[in-house]
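S.K.: Protein chains in written order, with the working numbering: chain A, 1 to 72; chain B, 73 to 392; chain C, 393 to 627.
In case anyone wonders, no lab produced these hints; they're calculated from the structure.
Among the hints, erroneous ones may be present.
As the list claims (entries may be wrong) - Partner residues aside, some chain B positions facing chain A, computed with beta carbon under 8 Å: (1) 246; (2) 336; (3) 382; (4) 386.
Unchecked claim - Listing some non-contacts, in silico: residues in chain C with all C-beta distances to chain A over 12 Å: (5) 433; (6) 435; (7) 439; (8) 451; (9) 473; (10) 484; (11) 485; (12) 487; (13) 488; (14) 492; (15) 505; (16) 519; (17) 566; (18) 571.
On a predicted model such as this, the values are computed, not experimentally measured, just so you know.
Using N, Cα and C, we set each Cβ at its ideal position, and we do this for glycine too.
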Amino acid sequence: MSTAVAASLINAVPSAHGLLSRRAYFLHWGVVQISLANFIIIVLMVVLFVLALILPFPGGKAVKSEVKRDEQ
Amino acid sequence: MSHDGKPARRRRRDQTPDAHRFPTRPYDLVKEFVIAVAVVGVLVAVLAAVFSSPDRKAITLENWANADPNDVVATAAGELAGTTTSAGYGAPYNRASDGQKLGPLPLQRWGSVRIPIDSANDLVIEPLSTVTGDPALTLALRTWHSASPDQQTKWAGNYSDALTATPDGNPSQVKPGDYGPVPVLAARFLTLARTGGLEGLLTSRHTFYATDQTKPLLLLADGAYLEDQARADHLGGDQWGMMNETGNYPGQPWMWLYTFWYQIKPFSTSGNADALVWALMAVLTLGLILLPFIPGLRSLPRHLGVHRLIWRNQTPAQRP
Amino acid sequence: MSSEQHATSSWTVWLRNHIKRTVPEGQWLPDRQPAYVRSWIYVFGVATLAAFLFVLASGLALAVGGAAWWHTSRVGHFFNSMHLWSTELFFVFMVIHLWGKFFMAAWRGKRALTWITGAVAFVGSIATAFTGYLSQTNFDSQWISTQAKDGLNSVGVGALFNVLNLGQMLLWHIVLLPLVVGVLVVLHVILVRRHGVVPPFDAQPPEPAALAHTELPEPAMQAPTDGADPVQVPR
């Protein structure tokens, strides 16, 4: 590939060396259009939120056994 | 029943007890913070290393001239005719139009002309005036300056229309007509853009240090090339573009509600869409900020019941 | 002047007492927290804070090389990538934190200001990110600025906040807006330390007798009163 063509490609293709630099994928539902990347982020957020609500949180010692409080 | 025996149907006073009166358990806040910093740090470094970040090079005016010369010529003619977006914009650049209104309120006009820009002179004629050693251009400029404003508009308007009538805006296919010096001015403007010096003429000719790109950006946005490039990447306003980024990168998902309104009526078909959406989002944002004071909305969380998941671990003594 | 008069007229003493009263004694950095705080949803505040620190740190690194450094340097580009991804994480964690706080109605118990500082910080963060996108000095900045100007001009503020002016937008991004967001975050955290984590709906603390095997606040260490009645007796 000649340098001239390569140069024009780098101009046209965003961050031509990156993993995410290819043409974007989009999802369509009626008036809604969303990029795959944004969709994944939003789905991940909802999953994270749900997991945060349902996963047990460690460290459940019975409060009644606490006798001393060692702050000032 | 509430604690004082009265029915708890309508709680007018917030009777949430002091958090410091509740039983406690040991918890190491500093350790939690350090762990959070470590985990987030690793995440950030890995994401940066694996996915990098987009850096699509800016379109220089020289790039534009080489990629779409016909668009440059058409834009120059449009600036001279007063038909481009910037020429007819209104405040803060000129008084060509009242701009957008919010109902009866002419908010855009109230902003007044604080960044005065004469599209024809500032963006086209002045840069061209710096060119020497080109007798045809010098003559064209003299002809332009000695004509009345009406004559100038007529010549440039005729030429703009003639360009539009050709198959793809090709100046060499324009039919003969009454265009005055405009064809020469537009053609020389393209030549000037191709030298790579046009940005400098528009930003730093009188100041040396260029920190304000208002003029070259208005010029670039008056053409079709910038928008064509953006729309190819789904960055257009009616493409939910506010949320998107070039390539496959995540963009700004948090802008979803702001850009949503532009996709639907009445905003999508209104000339005042920007003012309307801005006002609507200002109201909704105020609603978010002042949520604790909004009856009905502030009681929603109790009824939605998600809190039962969060606080399912209370000991019996703590449950109501 | 007697020492009593000195104490009442001293601005220094006033400020010192004011600071002391802002947060209950021992609550600036407590090593205990209410037992009802036991869910992963509670880590998203500190996660947001951690991400914010990396946004600031990567921003500092970018400032070292200047506005256009990242276009030509691989190291600069890596710091730019860290700046982008820490910002994405910052917003992800902040929004989940907001969802959690909404579903807890965390503004209860005189915590309205905590909610307000958080919400304004959210809006301020969006404005900060926006000026960041404008400061990229690449195609993104060209497109975003020429589009955004229409929204701001339509309501008459576009000349005061000229998105086409890199010199102005860059300085808002690295000086003015981070300061605003930083101050809001500090106020927000101080308010959380002051009021403590919001109790569950309808929760009541046990009466003093039932607390015999748990710790009680010392009389001298009363928290600033929420206006709540003394410890309730559950019926």
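S.K.: Of the hints given before, which are not true for this structure?
M.R.: 1, 4, 5, 6, 7, 9, 10, 11, 12, 13 and 14
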